[in-house]
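So the sequences go chain by chain: L and X. Using this note's numbering, the first residue of the first sequence is number 1, and each one after it goes up by one. Using this note's numbering, the first residue of the second sequence is number 1, and each one after it goes up by one.
To be clear, the hints were calculated from the coordinates, so they are not data collected in a lab. Certain hints may be false.
In silico DMTMM-like pairs for lysine to aspartate or glutamate, Cα to Cα no more than 25 Å straight-line [to be verified]:
id, chain 1, residue 1, chain 2, residue 2
1, L, 52, X, 82
2, L, 68, X, 96
3, L, 56, X, 99
4, X, 57, X, 82
5, L, 52, L, 69
6, X, 57, X, 75
7, X, 57, L, 94
8, L, 56, L, 16
9, X, 13, L, 42
10, L, 68, L, 42
11, L, 56, X, 96
Here are some of the chain X residues that sit facing chain L, going by a computed Cβ distance under 10 Å [unchecked claim]:
id, residue
12, 58
13, 60
14, 65
Chain X stretches covered by chain L per the calculated footprint, using a threshold of three residues with CB under 8 Å from any CB of chain L [unchecked claim]:
id, stretch
15, 12-22
16, 44-50
17, 70-81
In this text, all values refer to a predicted model and were calculated from it rather than measured experimentally. All residues carry an ideal CB built from backbone N, CA and C; glycine is no exception.
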Amino acid sequence: GNSVTQMEGPVTLSEEAFLTINCTYTATGYPSLFWYVQYPGEGLQLLLKATKADDKGSNKGFEATYRKETTSFHLEKGSVQVSDSAVYFCAPQEGFQKLVFGTGTRLLVSP
Amino acid sequence: KAGVTQTPRYLIKTRGQQVTLSCSPISGHRSVSWYQQTPGQGLQFLFEYFSETQRNKGNFPGRFSGRQFSNSRSEMNVSTLELGDSALYLCASSLEPTDGYTFGSGTRLTVV
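Modelling step: build the complete structure from the supplied sequences, incorporating the hints.
Spelled out as structure tokens, the structure:
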């Protein structure tokens with residue numbers, strides 16, 4: 001089955017810093033790739049997605065590119081805000097199979 | 001449009017009791033999945049239903065069960081509750097797999 005490896009957190013940054021959260025996956029086939037975000041006390045929200053190689057998903061200033069050759073889907077943002085503080089989850093999904101979540105990476109942004 | 005609605009938001013139950021959690025998906029979404037989230041184990045897949053049929057199942061004991069109704073609403077049931085069942089239970093719905101899932105706010109279950 002699929003699996004995901006995310007970088008350990010917490011990631012602590014100052015406002016306006018550059019963010020990278022690494023994600024690599026293993027899959028038997030050709031999954032769609034997702035990043036979800038969870039704010040305190042809430043469920044998960046879909047942040048962005050990519051469904052084929054070299055696709056770039058983007059939303060709210062966040063970007064991630066589907067790299068099939070390195071099986072990676074790293075999340076980036078050029079300038080983080082305090083409001084970006086949350087837990088970020090990388091998740092591949094093949095067809096109608098389950099989403100497989102990474103352990104999550106907590107991001108803390110200070111003013 | 002309305003999001004995924006989970007009820008109740010909070011529950012406190014005693015060991016040995018049973019509990020039923022409810023999920024109303026986004027209108028038109030026929031796929032509903034359930035996840036358990038704990039600090040130690042993270043997000044673990046419970047099961048997924050599509051058009052009233054269980055399509056996928058995670059590695060949970062038989063005490064965990066679910067069902068989906070003809071209007072796509074779903075329920076999950078946990079019988080003979082254990083302390084370790086304390087968790088945030090998340091429901092998510094989807095139209096197509098490549099769309100990604102929309103999650104509800106979850107039901108926080110505490111077993112005492």
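Structure-based check of all given hints:
no., hint, result
1, L:52 with X:82, "violated (42 Å)"
2, L:68 with X:96, "holds (22 Å)"
3, L:56 with X:99, "holds (15 Å)"
4, X:57 with X:82, "holds (20 Å)"
5, L:52 with L:69, "holds (12 Å)"
6, X:57 with X:75, "holds (15 Å)"
7, X:57 with L:94, "holds (15 Å)"
8, L:56 with L:16, "holds (22 Å)"
9, X:13 with L:42, "holds (21 Å)"
10, L:68 with L:42, "violated (32 Å)"
11, L:56 with X:96, "holds (19 Å)"
12, 58, "holds (7 Å)"
13, 60, "violated (12 Å)"
14, 65, "violated (17 Å)"
15, 12-22, "violated (count 0)"
16, 44-50, "holds (count 3)"
17, 70-81, "violated (count 0)"
Figure legend: structure checked against the earlier numbered hints; hints not met, in rising order: 1, 10, 13, 14, 15, 17.
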